[in-house]
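K.L.:
Chains as they are written, first to last, in our numbering: chain A, 101 to 264; chain B, 16 to 451.
The set of hints was computed from the structure by calculation and includes no laboratory data. Computed from a predicted structure; not experimentally measured. For glycine and all other residues, C-beta sits at the position ideal for the given N, C-alpha and C. Hints may contain errors.
To be verified - Far from chain B, some chain A residues (derived; all Cβ distances over 12 Å): (1) Q151; (2) V155; (3) M175; (4) Y188; (5) Q189; (6) R226.
Claimed, not checked - Here are some, though not all, of the chain B residues that point toward chain A, as calculated from beta-carbon distances under 7 Å: (7) D240; (8) A284; (9) G285; (10) G311; (11) G351; (12) S354.
Stated by the list, open to error - Computed footprint of chain A on chain B, listed as stretches where at least three residues anywhere in the stretch have a Cβ under 8 Å from a Cβ of chain A: (13) 99 to 108; (14) 220 to 231; (15) 293 to 300; (16) 387 to 398.
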Amino acid sequence: MVITASFNSALRAAAMLLFVVAVAACSRTPNTMPTGVGNLGPGGGAPGSQQEFLVSVGDRVFFTTDSSSLTPEAMATLDKQAAWLNQYQNYRIMIEGHADERGTREYNIALGARRSSMVVNYLVSRGIGANRITSQSFGKERPVAICNDISCWSQNRRAVTVVQ
Amino acid sequence: MTLLTRRNVLKFGLAGGALLAGSSLAMAQLRIVVEGANFQLLPIAIPDFASSDPAFGKEIAEIVRADLRRSGLFLPLDPASLPVQVGDVNAAPDFPTWRTANVDALVMGGVERGGQISSSVRVWDTQQAAQVVGKSYDTDANSSRRVAHIIADAVYESLAGGSGYFDTRVIYVAESGPKANRVRRLAIMDQDGANVQYLTDGSMMALTPRFSTDGDMVTYMNFADGNPQVYLLQLSTGRQQRLADIGAMTFAPRFSPDGNTVAFSVEQAGATNIYTTGINGGQPLQLTSGAAIDTGPSYSPDGGRIVFESDRGGSPQIYMMGAGGGTPQRISFGQGSYSTPVWSPKGDLLAFTRQSGGQFSIGIMNSDGSGERMLYTSFHAEGPSWAPNGRVIMFFQDPGGNDGPKLMSVDIWGRNLLTIPTESYASDPAWSGLRR
């Protein structure tokens, strides 16, 4: 979350700056668009950077409905995470467990915890020291995708590895 | 907080007393039958209350009418249509006039506001020419809405039986902001949505508040420490503290009926089990064990048993055990999964959330699991809480998407679905007991 937040806030700050420039430009010369505007792509980041983990390794794994079992795709992502974390020993990680909104609040708090626990156990089995890992459950309270169908729910059933 | 200084049965003056003696009725016959397929609303006449401040008398009468209307059992008649516009508690009504107007149930009240609020009310059965009930109340000058709710409870109890539920509060989670980063804080209000107060500031997420029986202590889930932890909050002092520090996530708290113990869930290494601990500390007691998710505990009103949800058999279902633990027995066997069981105040029923076929339902069943019936079904609904008389259930409903939840209520016959007005999105309602 930390890396996501700082990354996003950097983008947001850039966007805000452009917005301010645009508004300022508009206020002076209403018919002239500012020049040199472009979207910042998610750069790969320097080796060993949090951004590299986010973009090149992948910070999250997904679960099927009501399940906390790791899918083959999830295990592949966690293998990459473990390799990266074994290379860059200076980082600690926090595993966030989340559920989709198609369950009751308290059960989903427990389900999010069970998911984060599965990820913790897997990373430990791949050589990451348990003392480097903390975990937290958010239940269904922090969705990333908002809509009323499976396309969103499947993105919200997740465990996110936050590098700190 | 002790609000009531006096609650008396009204003694009638000479004329009324003579009249009552003449009718020789110990009890009036007028009663509302609250269940059954041929249920009909009871029309009731409530003229404005007599007062040296007529606007105040009107305001009090309007709150009484609104409570009775929202109960789904009464039909308060348009006050402008009544043969008498302002009540008189000191004289017997002119019964033939009221009978001619087809009014069987008549409420006459008076209210004065000075250093205190003094009010009195009589409920009349015009067919029997008899008083059903007469009461007077002296209350704190700042609690005019409470006076009206107390009067509405007296009317309700005299005609519908059981206890009322209007002089109660609801604690809930007020929600605001975008769904992906929603602010959730505790709020408390009267059962009709009035007098809302916010109890936490939203800097940390607060969920699932529950009242103790005395209505002063609240237990809830607080994310201030990172992972959720069970907290205690005393409303009268504003003091709060963490219930226990047992080195693990704690959540889903509920008070025991005597208020001395909290049952809650503890998560360790993915397994969630139910524990209890005293509100003044002491060693937590583990009641369930295993790798499953056991949560949503609810004590029976006698304190002897705990009902909870568990996915030990696969999907979440409702289980029952002793308040000290023991082997849980599964009691839900219908379609789908079952969550958030809540014991009714009388102990005869359990309310629950059921998830089936892509829909959520609020339902009730007998406490042995039999006689299940659904009261409300929609895209998403959860979290039932009982009114203290066991006849009404409040819960929250969420249409999904970027929208947010709102509080609703329904009676145990599946009638009278209402939305409870709140300033923001709202979830996790918990109903207090009667405040007296």
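K.L.:
Each of the hints needs a verdict: does it hold here or not?
P.N.:
Hints, verified against the model:
1. Q151: holds (21 Å)
2. V155: Non-interface label on V155 (chain A) holds, nearest chain B Cβ at 21 Å vs cutoff 12 Å.
3. M175: It holds; M175 (chain A) is separated from chain B by about 17 Å at its closest Cβ, greater than 12 Å.
4. Y188: Y188 (chain A) is indeed farther than 12 Å from all Cβ atoms of chain B, at 24 Å.
5. Q189: It holds; Q189 (chain A) is separated from chain B by about 24 Å at its closest Cβ, greater than 12 Å.
6. R226: holds (17 Å)
7. D240: violated (10 Å)
8. A284: holds (5 Å)
9. G285: Interface hint status for G285 (chain B): holds (3 Å vs cutoff 7 Å).
10. G311: holds (5 Å)
11. G351: violated (12 Å)
12. S354: Holds. Min distance 4 Å.
13. 99 to 108: violated (count 0)
14. 220 to 231: holds (count 3)
15. 293 to 300: violated (count 0)
16. 387 to 398: holds (count 4)
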